[in-house]
Amino acid sequence: MTSSWSKVWRDFRQERTRTFFVGLTIGLGIAAFFAVMASYAILTRELNHGWLETNPASATLRTRPLDDNLLAAISGSPGVQDAEARRTLAGRIKSGPVEWRNLTLFVVKDFARLRVSTLKPQEGAWPPATGEILLERDAVQVAKARLGDWVTIKTASGGEQKLRFSGTVKDVGQAQARMETSVYGYITLATLEQLGEELFFDQVKLVVSGNKLDEGHIRDVTANLRQLIEAKGNQVLRVEIPEPGKHPHADLMGLFLLVMASFGLFALLLSGILVVNLMTALMAAQIRQIGVMKALGGTRWQIARIYLGQALLLGITAVLGALPVGLWGSRVLCRYFAVFLNFDITSFAVPLWVYVLVTVVGLLVPLLAAGFPVWRGCGVPVRIALDDYGVGRTSFGTSPFDRVLAGLGGLTRPVLLAIRNSFRHRTRTILTTTTLMLAGLCFMAALNVRASLINTFDHLFDAMRYDLTVQLGGMYDFEKVQSAIRKTPGVLQVEGWLATEGSLIEGQQPGADDAHPAHHLPPQTGPGGGHGGSALEAKRFKVIGLPVGTKLFQPLLLNGRRLQPGDTNALVVNTRMAAYWPLLKVGDEVQLQIGPVATSWQVVGIIRDPLAGPTAYIPLSFFEQAGHVGMTNSLRLVLSESNANGLNLLKANLDRNLEEVAVRSLNSVSKLDSRVSFDQHMLMIYIFLLVMAGILAGVGSLGLATTMSLNVSERRREMGVLRAMGATPAVVWLIVIAEGLVMAMASWLVAVLLSWPISQLLGSFLLRLMFKIGLDFRFDPVGPVLWLVLAIGLGAVASFLPAWQASRRSVREAVEYE
Amino acid sequence: MKPSDGNNNPNRSVNDAPLVSLRQVGKNYATPAGRFTALQNIDLDIQAGEFVALVGKSGSGKSTLLNLMSGIDRPSQGEVRVGGAELHQMSETGLARWRGLHVGVVFQFFQLLPTLTVVENVMLPMDFCHVRAPRQRRERALELLKLVGIVEQAEKLPATLSGGQQQRAAIARALANEPPLIIADEPTGNLDTGTAEAVLDLFRNLVGRGTTLVIATHERNLAGIDRTVELVDGKIANSARIPTAQLTQEVLA
Numbered sequence: 001m002t003s004s005w006s007k008v009w010r011d012f013r014q015e016r017t018r019t020f021f022v023g024l025t026i027g028l029g030i031a032a033f034f035a036v037m038a039s040y041a042i043l044t045r046e047l048n049h050g051w052l053e054t055n056p057a058s059a060t061l062r063t064r065p066l067d068d069n070l071l072a073a074i075s076g077s078p079g080v081q082d083a084e085a086r087r088t089l090a091g092r093i094k095s096g097p098v099e100w101r102n103l104t105l106f107v108v109k110d111f112a113r114l115r116v117s118t119l120k121p122q123e124g125a126w127p128p129a130t131g132e133i134l135l136e137r138d139a140v141q142v143a144k145a146r147l148g149d150w151v152t153i154k155t156a157s158g159g160e161q162k163l164r165f166s167g168t169v170k171d172v173g174q175a176q177a178r179m180e181t182s183v184y185g186y187i188t189l190a191t192l193e194q195l196g197e198e199l200f201f202d203q204v205k206l207v208v209s210g211n212k213l214d215e216g217h218i219r220d221v222t223a224n225l226r227q228l229i230e231a232k233g234n235q236v237l238r239v240e241i242p243e244p245g246k247h248p249h250a251d252l253m254g255l256f257l258l259v260m261a262s263f264g265l266f267a268l269l270l271s272g273i274l275v276v277n278l279m280t281a282l283m284a285a286q287i288r289q290i291g292v293m294k295a296l297g298g299t300r301w302q303i304a305r306i307y308l309g310q311a312l313l314l315g316i317t318a319v320l321g322a323l324p325v326g327l328w329g330s331r332v333l334c335r336y337f338a339v340f341l342n343f344d345i346t347s348f349a350v351p352l353w354v355y356v357l358v359t360v361v362g363l364l365v366p367l368l369a370a371g372f373p374v375w376r377g378c379g380v381p382v383r384i385a386l387d388d389y390g391v392g393r394t395s396f397g398t399s400p401f402d403r404v405l406a407g408l409g410g411l412t413r414p415v416l417l418a419i420r421n422s423f424r425h426r427t428r429t430i431l432t433t434t435t436l437m438l439a440g441l442c443f444m445a446a447l448n449v450r451a452s453l454i455n456t457f458d459h460l461f462d463a464m465r466y467d468l469t470v471q472l473g474g475m476y477d478f479e480k481v482q483s484a485i486r487k488t489p490g491v492l493q494v495e496g497w498l499a500t501e502g503s504l505i506e507g508q509q510p511g512a513d514d515a516h517p518a519h520h521l522p523p524q525t526g527p528g529g530g531h532g533g534s535a536l537e538a539k540r541f542k543v544i545g546l547p548v549g550t551k552l553f554q555p556l557l558l559n560g561r562r563l564q565p566g567d568t569n570a571l572v573v574n575t576r577m578a579a580y581w582p583l584l585k586v587g588d589e590v591q592l593q594i595g596p597v598a599t600s601w602q603v604v605g606i607i608r609d610p611l612a613g614p615t616a617y618i619p620l621s622f623f624e625q626a627g628h629v630g631m632t633n634s635l636r637l638v639l640s641e642s643n644a645n646g647l648n649l650l651k652a653n654l655d656r657n658l659e660e661v662a663v664r665s666l667n668s669v670s671k672l673d674s675r676v677s678f679d680q681h682m683l684m685i686y687i688f689l690l691v692m693a694g695i696l697a698g699v700g701s702l703g704l705a706t707t708m709s710l711n712v713s714e715r716r717r718e719m720g721v722l723r724a725m726g727a728t729p730a731v732v733w734l735i736v737i738a739e740g741l742v743m744a745m746a747s748w749l750v751a752v753l754l755s756w757p758i759s760q761l762l763g764s765f766l767l768r769l770m771f772k773i774g775l776d777f778r779f780d781p782v783g784p785v786l787w788l789v790l791a792i793g794l795g796a797v798a799s800f801l802p803a804w805q806a807s808r809r810s811v812r813e814a815v816e817y818e
Numbered sequence: 001m002k003p004s005d006g007n008n009n010p011n012r013s014v015n016d017a018p019l020v021s022l023r024q025v026g027k028n029y030a031t032p033a034g035r036f037t038a039l040q041n042i043d044l045d046i047q048a049g050e051f052v053a054l055v056g057k058s059g060s061g062k063s064t065l066l067n068l069m070s071g072i073d074r075p076s077q078g079e080v081r082v083g084g085a086e087l088h089q090m091s092e093t094g095l096a097r098w099r100g101l102h103v104g105v106v107f108q109f110f111q112l113l114p115t116l117t118v119v120e121n122v123m124l125p126m127d128f129c130h131v132r133a134p135r136q137r138r139e140r141a142l143e144l145l146k147l148v149g150i151v152e153q154a155e156k157l158p159a160t161l162s163g164g165q166q167q168r169a170a171i172a173r174a175l176a177n178e179p180p181l182i183i184a185d186e187p188t189g190n191l192d193t194g195t196a197e198a199v200l201d202l203f204r205n206l207v208g209r210g211t212t213l214v215i216a217t218h219e220r221n222l223a224g225i226d227r228t229v230e231l232v233d234g235k236i237a238n239s240a241r242i243p244t245a246q247l248t249q250e251v252l253a
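Chains A and B supply the protein sequences, listed in that same order.
Under the working numbering, residue 818 is the last one in the first sequence; the count climbs by one each step, no gaps.
Under the working numbering, residue 253 is the last one in the second sequence; the count climbs by one each step, no gaps.
If we strip away everything but chain B, and leave its shape as in the complex, we get (with noise of 0.2 Å):
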């Protein structure tokens, strides 16, 4: 298959190499009943600040694929390349180090660390990779709370927050090292309706500013999308490029 792309985004460059890169990537588990193949055969370009949203029906192969592009999984079979990285050659430890500066991970239940306050969440991933003086984290992670608009609970521990509130917070803490990629597997999954809404304002606004975006959905038309990538039994069944007249104009702006 020919690898899939698209460019819808007006703050991207259209010229340059994909961000995220996939080639004959396969994913094989080995399960009490035998091999499960989840993907097959996957060739798939990402352009820097493209917003990509991966649809199908449970077990199709969305997390799958999200895990590979983010290196929390490795390939089977194939090849993965990330802002020029190899991940399938990349150690363990190369590839935690990796994930810590330049990808940010949304999980449909948040995952915020319970123990921890919403602020601490956030400065987590600074910690692990070093990023900004120590005193400066808390700063950083303020103005990303304030960005996500939730910095009144920062001192708050997870458990007390609503979902709409742990996510925005999840969404805060997957930027705290001003990662170029995004990825977010289900991430209004667990949120009702309007809440649901306001996360992907965020999102888009995100990728408004430059940042490349990535989510597994059940929704296929969600606004202020670019790509939507359609994967069926762990095949790319339809790689569908969404016109410029629809994205909405807050996006444009």
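Looking at chain A on its own, in the form it has when it is part of the complex (with noise of 0.2 Å):
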């Protein structure tokens, strides 16, 4: 070993109790960045690998009733490789006397051949025999049942029917049950006929042969068969066609994955400063050294890669460090987001491109980091170098802030000791702070942004002014359901509206993108009701049609106007539906198809309702004049209570009322589960930004810590001389105390006055992203009270260790300190 890099070594041994410090923070950000890019790496890995196993439909195609002979027409196609034909029905479910549940329930033609989009067994029976149910594995929690049960299933033609919940299956392709507060059932066409359904398969999942991974050659596929499907006298109602080879929550995963990435490597970056710090307070320390070194023939870079060398170790133990750490965030991360997605992981190994990734970023930010101050360090002059006189070598006293300073009165000589001593390295603090002050606007942004997502979902809710939803099995007149109403206690209003699809006819389609489904948009809870997002595959969109003047829905006009009495052909669309046709505006002529009938509509208004899917809202005497008078297939109840349980009480109550008359109810949702079940799915964001945060409390705990070694450390002489002077350890103990609080009190200050417009800008951010809709800002008075907490304590913690430290050492030994 040379003797530069035996310097090296040994000076990096020196600072020990500082290096370790800052190796600390760096590792948390590396920890923090290997964690998400392993997670991202295993998870794309698996969540694809395992959704590929499945043989995933290329296409579904929604038919009328299929038979045989079509199914293996539809086999024979060119370019079809594997075609099988499935039913899919809405109904509910309970295990015990009261909750029902809604279900969606899959009818498999064989279990035993499944070839297309496979289900993987898991536990009980496989498959199913006839008068049992397969449930999804996340569904049981939701259908409270365990195997063996007995529940009890209703669709929408058949009457209640009891069936043995006999094994649980994966089905990767469905978003995770408890967050959708839905229960998935797998039953056989035998089973369907028990529960008093038509025997009829009604969709054909097929997988193209050739190149899978082509959209365009499945486009292809698909208009061909809809040809087919046609001659042969049935009818293609709906086309999905997925982006081919992708797990339906794969770009949700990637988005999410990619924000946390951002922030490890914003608090990877943010540990950078605490490298300038250490560096710059190294350099000073050692200037004397390197006049000597230079003096000795050392030139500039070979001086400097003596003290990059130690940035480099530094690397170097925090990347080994922080690895294993990162490894076992990954894992965690990647459990979880399998929980959230409902897939299994098989395997944990994290490919080797993100070991040299991250060890290159890793290396590199301290290297970076440590570049300039090493840099400046090196090139002073040989004779000031040597004339440095190392500790009080300060410009303190010559500029106008620090005369300002001076002039502070009021307060005790020792703290406005410390206060002054906050600004002496000022680049050292103005660093040291921002590193504090980007944690407390992270955690009083990530505050903030909840209170003003909820604030937002407040409004929402509160437009919807009903607490049921109920859809009913097909159209029944309105008195008849208004008959079992009045019979049902509790409900103090209903109104009776008609839902149906319509789509927008061709060449009338601004701007229509309708190539995906948008699988990662949260459950429909609008007052459309039911489970939006895939009637969009076929440029199709929801038509509800309501009482003009009706209260129980007051969203936000955000253009034009609402349906007014008189209106025969004004429509209003919601957010979602304009964000699917950016060119669609107020005062447009658009033809839709509404059932077999084509009619011509201007849009009116524009409404902020983005947690429907796209929905358009017209009078409900359009329905009235196509012959539907009295008519409704989906009520609106607001109820007298709206407790958990007082709802499952009136949703049996109503139930049996409504059957009474002969009205079949198709489910029910009330606002209550939809707010549960939007806050499930908020739940993860909030948790996320506070989780950032508390990293970033750390990184800037810690650095304000280093700074505080640092500052202490150079002072030693002059803690001597204050102890010569008679002040008690405690009262030096005291100044170094008060110089971090000081710190962090001006951090805490910057950040709450910057938090509100970060808030802002980070909240709309969000929801634009996801729901296409403005926030409805709300800054929340606890961040910074609790911040300021935080700050007091970590300011404190941070300076404990070397207050401690300095009110120990002998004058002597800190007289005596050069």
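There's no promise every hint is true.
[To be verified] Chain B side only, calculated, beta carbon under 10 Å to chain A, not exhaustive: (1) Glu92; (2) Arg97; (3) Gly100; (4) Phe128.
[To be verified] Beta-carbon label-pair distances, calculated as ranges: (5) B:Thr93 to A:Met684: 51 to 57 Å; (6) A:Pro324 to B:Gly59: 57 to 63 Å; (7) A:Gly379 to B:Ala33: 24 to 30 Å; (8) A:Gly379 to B:Asp192: 37 to 43 Å; (9) B:Phe109 to A:Val691: 50 to 56 Å; (10) B:Asp192 to A:Trp5: 32 to 38 Å; (11) A:Val789 to B:Gly163: 52 to 58 Å.
None of these hints come from the bench; they were simulated from the model.
Beta carbons are placed, not taken as given, at the ideal position from N, Cα and C, and that holds for glycine.
Both chains are sitting in their own frames, so use the hints and assemble them into the complex.
Now the structure itself:
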């Protein structure tokens, strides 16, 4: 080892306490970055791997009832590798006497020969026998059923039937049931017969031959199939083409991980600030040594290499320490995402490129951060370096700011000293305060964004001034429905709406982009009810006819006007529809296909209604003119109480009363349930923001600890002088602690001021990204108070060790220090 | 002022061009209180093999003059030539390389790097200037430590050595690249009398081997000195040759 490398190593060891703090901080940043990058690699691989293992359908064609001949013709068509018939029904399930849950029932022709969009058996029976139902593994908790239980199922056409819950399956393509508060069940055709439903399949899931990842090819194949199906007298109602080869939630996960990786990198870059502080202090302390080395013939670059070597060692140590922590973090994160997105991870192996990337970034950050102070420190002319007195070399007192500080009064001398000391190394103070400030900013922004999102959702849910939505199994006379409702205690008001689907007629779809279903969107919880999103695939959307003067639905009007009495062809679209047809604007004339009829409409308004899928609201009178006078298929109810227990009882009573008048309810969604489900979706964002704030708080406080340690060590002689003049160890301790607190308070003040606009920006960005709507900003006053307490706590803790060391040093030792 | 020179050492050649030559050298510093002139109109020649003492009060400009001769600092005016190199025209990097190969510097407070062992301190100039093969540098460092009498301290850290031992180590370090010129700023200023005498003996030995030595000191009557250059307020007030008769027999041997 050359003497230069000996110096690198020994200096590194000599500065071990501070090096430990800085290394820990960098390590924290690297660990966060590694955890997210490793998770990204693992999850992307596993998600798509698990997805592709199921042989996912290239497309799903929804048709009128299919027969075996048509299915055989489809299977034998050019470009089709495999095709299977399926059926999906909406229904309800309960495992106890009262509580119904929404159910999506999948009917499979032959479980033993599933080839397309396969299921993976988990527990219990496989395949299910007649009279049995399999539940998606995550849905078991929603159904509150145990394996072997008898559960009650009700579908649109059938009565209540008991089926035995005989096994669980994994269905990778479904969103997490707990999040959706919905149950996924799987039965055979024979069991469907038991439920009293007609026996037919109405959808074809197919896998194309040739290039399965070519969306154009898939479109060509489905276009040919449409012709074939229609030539054989059937009808294609809808074509769904998911993005080929990609799990429906891959984009959502990628987005979250990207944001998390950005934060991880941000934390790592912040830790770089500490390296700047450490190396600046080190260079200042070693300036004479630099002078000596230069006098001995060392060039600037040769000497800089010694100090950069220390930064490199710091990086190597941090990377080595961070990798196991990051690896552990990636497993926690992966497990969380796997549960959230409902898939299994078969291997946690992290690809080599992640190690290489993190190592390179982990080594580069301290090197780059050290670059400027080292290069500047090594550039000091040799004579000046040799003349340097080290401790006490400061320009404090020469600037106007110093004089302002000097003019401060009214405080005790030690406190004044602490305040002025805080600003002696201004660059260091600014860098440290910035780190802590950013932590506070992130912390308060997390709380503000959470408060603002909750505020926004409160307003969105407030727009729905009803408590319960009931979808009926068909169109019924509203009078008859009302008679049943009158017999149901707890219902204060009811409105009967009519919901159907519509589409813009060709050439009338400004800016439409329907290539990919909006799988990432949260469940549809708006007045349209049901699970939204899928109508989009065939340029279709929900059309809801509602009483023009309704008081039960009062969303914020973004543009134009609401429906008015006397409107006949007026149409109000919601934000989702406006987002998918961005060129659609108020005043446009559009042609809508509603059922068999094509009619002309004028867009009169755009309302903020992001929780429902793309929806057009029209006057109920349109349906009345079409012959459906006094009919309804969708109810909105205002209840006297909306707590969970009361709701369950009311739903049970309502179902019974409706059945007594031969009205079949398909499903019912309470606003309370929707809100819980929605909050579940948002919880991840809140937790993520707080975890990142926690990491940044860690980085910030370690930075403060490092700075205080540097400040104290540089002022040993001053402390000795103070002690010689009679300052007790407690006073010295107080001065150092107060200095840390001054920086913590300064960071707090700036963070509070900045948190307002930054929170607004961040919250608006998130909402625009997810729901295409603006934010109803709310500043959470808890944030500044909580962060003040935390900042004081962090400042005190971070200063404690340096303060304790300073107060325990003997006067002789301190005064002799050079 | 006519350049002052001297030639009492029998080992140097009288007719050679001076090793160190300063012409009309001045040095000013900008301070918060205004411009401070440290040196002005200095003309000085030092022959190879000469042992020169710069004397004067604190602030007279001794250290500044040494800094200019060693390339540690640059003149504000005038020219500084050492061994044919025009120091006033060289870049910082060029100066550093030149210094490493041609000048050995000994400081008043020794200035050993605290985190390097004594032998590593001595190896450092060889590392910087890539003098000798890496494996041979340690041997050379140990030879030099033997020469200055502290080879047994080679693996210790400087903090564990006495002041005299540290100064011997610093001298060994200054000799590492066999420079023709050694510059020493108050090398005995921080040592007790006995140790200071031992260090001066070392210097005299070096001069006896042909090394040129320039020291700054407060003491006017050091034994073995060829010439004393007295500085007063940044100017050379007197340049006196020491008669050969005053040289010790030890130095002449």
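Right, here's what the structure says about each hint:
1. Below 10 Å, beta-carbon pairs count as interface contacts, and B:Glu92 has one with chain A at about 7 Å; its hint therefore holds.
2. Of the supplied interface hints, the one on B:Arg97 holds, with its beta-carbon coming within about 6 Å of a beta-carbon of chain A, less than 10 Å.
3. A hinted interface residue such as B:Gly100 counts as satisfied when its beta carbon comes closer than 10 Å to some beta carbon of chain A; here the least separation is about 2 Å, so the hint holds.
4. The criterion of a C-beta within 10 Å of any C-beta in chain A is met by B:Phe128, whose closest approach is roughly 4 Å, and the hint holds.
5. In this structure the supplied range 51 to 57 Å holds for B:Thr93 paired with A:Met684, their Cβ-Cβ distance being about 56 Å.
6. For A:Pro324 paired with B:Gly59, a C-beta distance near 60 Å keeps the hint of 57 to 63 Å intact.
7. Checked against the given bound of 24 to 30 Å, the beta carbons of A:Gly379 and B:Ala33, roughly 26 Å apart, stay inside it.
8. For the hinted restraint 37 to 43 Å between A:Gly379 and B:Asp192, the CB-CB distance of approximately 38 Å keeps it satisfied.
9. At roughly 52 Å, the beta carbons of B:Phe109 and A:Val691 sit within the given window of 50 to 56 Å.
10. Range check, B:Asp192 to A:Trp5: about 36 Å between beta-carbon atoms, so the 32 to 38 Å window is met.
11. Distance hint check for A:Val789 and B:Gly163: the Cβ-Cβ separation is about 53 Å, which falls inside the suggested range of 52 to 58 Å.
Taken one by one, the earlier hints all hold for this structure without exception.
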